[in-house]
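S.K.: Here is how the chains run, residue by residue.
2 protein chains.
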Amino acid sequence: MKLTISRNELNDAVQQVSKAVSARTTIPILSGIKIDAHAQGITLTASDTDISIQSFIPLETADKVISTIHRAGSVVLPAKFFVEIIRKLPHEEVNIEVGDRFQTLIQSGAIDIQLMGMDPEEFPVLPVLEEERVFSIPGDILRTMIRQTVFSVTTSESTPILTGVLWSLAEGVLKFVATDRYRLATCKVNAGVDPGLHFSNVVISGKTLNELSKIIPDHNVLVDIVVADSQVLFKVGNVLFFTRMLDGTFPDTTKIIPNQFKTELFLNTKALSEAIDRAYLLSREEKTNIVRLSTTEDGSVEISSSSSELGRVQEMLTVEKLDGEPIRIAFNSKYMLDVLKVVDSENLFIGFNGPMSPIIFKPEHDNSLHLILPYRTTN
Amino acid sequence: MKLTISRNELNDAVQQVSKAVSARTTIPILSGIKIDAHAQGITLTASDTDISIQSFIPLETADKVISTIHRAGSVVLPAKFFVEIIRKLPHEEVNIEVGDRFQTLIQSGAIDIQLMGMDPEEFPVLPVLEEERVFSIPGDILRTMIRQTVFSVTTSESTPILTGVLWSLAEGVLKFVATDRYRLATCKVNAGVDPGLHFSNVVISGKTLNELSKIIPDHNVLVDIVVADSQVLFKVGNVLFFTRMLDGTFPDTTKIIPNQFKTELFLNTKALSEAIDRAYLLSREEKTNIVRLSTTEDGSVEISSSSSELGRVQEMLTVEKLDGEPIRIAFNSKYMLDVLKVVDSENLFIGFNGPMSPIIFKPEHDNSLHLILPYRTTN
Numbered sequence: 223m224k225l226t227i228s229r230n231e232l233n234d235a236v237q238q239v240s241k242a243v244s245a246r247t248t249i250p251i252l253s254g255i256k257i258d259a260h261a262q263g264i265t266l267t268a269s270d271t272d273i274s275i276q277s278f279i280p281l282e283t284a285d286k287v288i289s290t291i292h293r294a295g296s297v298v299l300p301a302k303f304f305v306e307i308i309r310k311l312p313h314e315e316v317n318i319e320v321g322d323r324f325q326t327l328i329q330s331g332a333i334d335i336q337l338m339g340m341d342p343e344e345f346p347v348l349p350v351l352e353e354e355r356v357f358s359i360p361g362d363i364l365r366t367m368i369r370q371t372v373f374s375v376t377t378s379e380s381t382p383i384l385t386g387v388l389w390s391l392a393e394g395v396l397k398f399v400a401t402d403r404y405r406l407a408t409c410k411v412n413a414g415v416d417p418g419l420h421f422s423n424v425v426i427s428g429k430t431l432n433e434l435s436k437i438i439p440d441h442n443v444l445v446d447i448v449v450a451d452s453q454v455l456f457k458v459g460n461v462l463f464f465t466r467m468l469d470g471t472f473p474d475t476t477k478i479i480p481n482q483f484k485t486e487l488f489l490n491t492k493a494l495s496e497a498i499d500r501a502y503l504l505s506r507e508e509k510t511n512i513v514r515l516s517t518t519e520d521g522s523v524e525i526s527s528s529s530s531e532l533g534r535v536q537e538m539l540t541v542e543k544l545d546g547e548p549i550r551i552a553f554n555s556k557y558m559l560d561v562l563k564v565v566d567s568e569n570l571f572i573g574f575n576g577p578m579s580p581i582i583f584k585p586e587h588d589n590s591l592h593l594i595l596p597y598r599t600t601n
Numbered sequence: 223m224k225l226t227i228s229r230n231e232l233n234d235a236v237q238q239v240s241k242a243v244s245a246r247t248t249i250p251i252l253s254g255i256k257i258d259a260h261a262q263g264i265t266l267t268a269s270d271t272d273i274s275i276q277s278f279i280p281l282e283t284a285d286k287v288i289s290t291i292h293r294a295g296s297v298v299l300p301a302k303f304f305v306e307i308i309r310k311l312p313h314e315e316v317n318i319e320v321g322d323r324f325q326t327l328i329q330s331g332a333i334d335i336q337l338m339g340m341d342p343e344e345f346p347v348l349p350v351l352e353e354e355r356v357f358s359i360p361g362d363i364l365r366t367m368i369r370q371t372v373f374s375v376t377t378s379e380s381t382p383i384l385t386g387v388l389w390s391l392a393e394g395v396l397k398f399v400a401t402d403r404y405r406l407a408t409c410k411v412n413a414g415v416d417p418g419l420h421f422s423n424v425v426i427s428g429k430t431l432n433e434l435s436k437i438i439p440d441h442n443v444l445v446d447i448v449v450a451d452s453q454v455l456f457k458v459g460n461v462l463f464f465t466r467m468l469d470g471t472f473p474d475t476t477k478i479i480p481n482q483f484k485t486e487l488f489l490n491t492k493a494l495s496e497a498i499d500r501a502y503l504l505s506r507e508e509k510t511n512i513v514r515l516s517t518t519e520d521g522s523v524e525i526s527s528s529s530s531e532l533g534r535v536q537e538m539l540t541v542e543k544l545d546g547e548p549i550r551i552a553f554n555s556k557y558m559l560d561v562l563k564v565v566d567s568e569n570l571f572i573g574f575n576g577p578m579s580p581i582i583f584k585p586e587h588d589n590s591l592h593l594i595l596p597y598r599t600t601n
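Quick note, the sequences are listed as chains X and P, same order. Residue numbering for the first sequence follows our numbering, beginning at 223 and increasing consecutively. Residue numbering for the second sequence follows our numbering, beginning at 223 and increasing consecutively.
Quick caveat, the hints were computed from the structure, so don't treat them as lab data. Honestly, I wouldn't trust all of these hints.
Identical copies carry no separate label here, and so any pair may be met within one copy or between two of them.
[What the hints assert, rightly or not] In silico lysine-lysine, DSS-like type, Cα no more than 25 Å apart, as pairs: (1) Lys241 / Lys492; (2) Lys556 / Lys492; (3) Lys477 / Lys584; (4) Lys310 / Lys556.
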């Protein structure tokens, strides 16, 4: 293998695939990035077996030459060093040449780097997926759906299926669900997909979705999604992102979200968020994060918390609308702050069915819905 | 105690003194911030016994009323919560009232906070220093002198005196020295001080100097410095910063800096820094951080490093000037990067006296001088 390539394009591709390199792997070849130089251009691949990322660098774009292949071939280079040195090369052009026993010379300006490469034959081969269930969704919508649900997955390995987000598609509507049994986040979007296409119980690790989010560029692109039997493939520009689905059956959560409420609140998201944040400051000293919300006779809401050692915070909040029965409810303020952080709408509906029943959040304009369980306190 | 105060001024003062609150103290009263309301205004104090910070808030400035004292008095409030809640109060005015058993009510807009205060009589009294040795220095110069030396103190508690920076003043020149036995940093400035004033062996903890740096504002102010018997006091605007000196005798380092060199290099600081950084990437994989510098026959410099597992980096660097004997020397690249990071001059002199002798760095325009010991390698 012998090639010349523009540093910027090489660097972009290296940064993208580096997200699939696991920091601590027991399989030496997976600590590397595979480089394939072929007639169409250069393909970089990295994999930690859970996810695999492949980035393709073409020979040229409309306006300039990006890479020249002098001799086709492959090599696997040690990722940690390779990623950083490529980022820190000062010159525009990089030459890479593989010699005997995968000894690789990287040359740029007055800089010569000799790296011990590894045998590309040892690198795992990426799966070829049946492209039967394929649909597209704008990148910014996918990123928002991930952001509004992924924080609710569990971090506990005792229920592995709940470390993932449930994806389902039916009648053109794509829906995400995440829960850790104490809270639940859902988001659905009419993705304009062929209504004949549907799937359910596709569960993708929350960690993987966070990595996927980083691959989706800020400028708007369509993401093509291939849902195969046990793998999902995301195509974002020149990048292919493969992930396994999680094994197991995601619990049915459709019945736990009530449609009717005994108390209905409508209020400003930011004002609520700041008030809860102040009450949280005190409650976290008690480790429980308990904050209380009570309606008052004059139609306001009181947010309060207390700590046996420090004291008490109490704050009146004006609301846009308050209907139904009075309520006094205690909850984990950290969970509520997590919800309020991902809400993009200025105003927010909150529904209650008494102090022992789930609290439901519906942002005014978002496509998300959130649930948190209250604390059952005696006071 | 009962007072009304502008939130912004209170917040600024609270943030300043909070730097002296120790996160883990076994003395409960030191986890608090002391508030004194008196005829002249409000004084906040915090102390971790090593350093104490006091900030004074006047009743008014030229153009506005800042605080009103309704009833003089004192209280100590729990710092961690107090610092954060004051930062997060949304209203411009804050009322603080101390009741029975130091129960304190903080009220701002629709927010009521009840805090368990502590007895101010338990709070340590700050020392009254003999103001005999007093001088002033511009804040930005003091900050630069700290930055250019403090990184060279030792972190090892086995030689406590070397965790500090040595200050001395003689003939109007203020000098700082820091060393961890493997490297040494000095910085001296003609501070325009009365030449009759002098002191030596004043050693101030590096950690304390870092905290002091944060107190010095970006806009230029004069810092008044009082050097007493075992304490030093810094006056920065309305803030008093007290610190103990470290006990012990700082080693004499005046004789280890050579004046003559067998090899003299003059080169661009940034170009050298970037080349060392690339070589460091590989050398850190070997834990030793060894990088080599060699002069070449054509008057350039070669920077190189190697790792038995990964390979080798080698880079030619053009220099402004090279005089004297050829040199090939190995050193800890992390130490050299630390030096190059604090150098503000575009160009830099480096002097060598062979591969076993200290390397000396003199930035073209800075007032600093740095020394690092080479590695004694056989190859």
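S.K.: Within, between, both or neither: how does the pair Lys556, Lys492 come out at a Cα-Cα threshold of 25 Å?
M.R.: Only inside one copy: Lys556 and Lys492 sit 15 Å apart there, 45 Å across copies, limit 25 Å.
S.K.: Have a look at Lys310 and Lys556 and pick one of within, between, both or neither, based on CA distance no larger than 25 Å.
M.R.: Only across copies: Lys310 and Lys556 sit 17 Å apart there, 40 Å inside one copy, limit 25 Å.
S.K.: For Lys241 and Lys492, with the copy left unspecified, which applies at a CA distance of at most 25 Å: within, between, both, or neither?
M.R.: Neither: 34 Å inside a copy, 30 Å across copies.
S.K.: If the cut is 25 Å between Cα atoms, do Lys477 and Lys584 qualify within a copy, between copies, both or neither?
M.R.: For Lys477 and Lys584, the Cα distance is within 25 Å only inside one copy (17 Å; across copies 73 Å).
The structure is inconsistent with hint 1 alone, although it conforms to all the rest.
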